[in-house]
Amino acid sequence: MSKNRQEAFEALLREHLKKTSIPASTGCPDENIVTAYLEGVLPPGLKQDFERHAAICSRCQEELVLLLKSESSPLAVSSQDRSQAEPARRNWLVSTLGGFEWIHNLGLKPAGAILVATVISGYLGYELFQLHQENKVRFAEVSQSAPAAEPTIEEKEKGLSPEPGLDQARQKEVPSAFENEAGSKGRSVTAAKK
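In this note's numbering, the protein residues as written are 1 to 194.
By construction, these hints were calculated from the structure, which means they are not laboratory data.
Treat the hints with care, as some may be off.
Quick list of simulated restraints, FRET-style, between CB atoms [unchecked claim]:
#1 Leu38 <-> Ser121: 49 to 59 Å
#2 Glu157 <-> Ser121: 51 to 61 Å
#3 Ala113 <-> Glu134: 56 to 66 Å
#4 Val116 <-> Leu46: 18 to 28 Å
Glycine included, every Cβ here is placed at the ideal spot set by N, Cα and C.
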């Protein structure tokens, strides 16, 4: 329909409705009831009551005309689109759990990026784990082959030593035969030790 024809039709419809209807009553139903009537979700009892009221109320008739106009606009959702949207809402769980169909919806780029990130992080984690294990083995080898540590000052004072024969040799006094040969030097050495 052209724009002029549509305007003419609406003008004729308005005039016809004004002639056949009585002035608006104070008991008009809520806008939600009108919307529910147009969507077809109004219970049968309320639907009949609304139809009887709309047949005689000019205000409700005008509201119906406006709502019908807005429904025919391209921005409004058709009833066919609504009926297709309901099964889609019900099937989101099925499509999510139905395998990896969601990857196809995203495309290959995000899935590829996730795959690359997983492979790289797995490789780096494996390399770090291997390096850690090698360091443990090296440390164990070094600690086993390292010479015994010198005793600390506390161990020396208490007489504890990792080599028990060494402490006993240090504590023995120089024999008298060596004392005679060393002379006064031997005494000064033993005196210095004490």
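- Ser121 and Leu38 - C-beta distance against the hinted 49 to 59 Å: Holds: the Cβ-Cβ distance is about 55 Å, inside 49 to 59 Å.
- [ ] Could you check the hint for me, namely that Glu157 and Ser121 are 51 to 61 Å apart, CB to CB?
- [x] The hint (51 to 61 Å, Cβ to Cβ) holds, given that Glu157 and Ser121 are roughly 54 Å apart.
Verify the CB-CB distance for Val116 and Leu46 against the hinted window 18 to 28 Å. Since Val116 and Leu46 have Cβ atoms about 59 Å apart, the given range 18 to 28 Å is violated.
Is the distance from the Cβ of Ala113 to the Cβ of Glu134 consistent with 56 to 66 Å? Given range 56 to 66 Å: violated, Cβ gap about 32 Å.
Hint violations for this structure: numbers 3, 4, all remaining hints satisfied.
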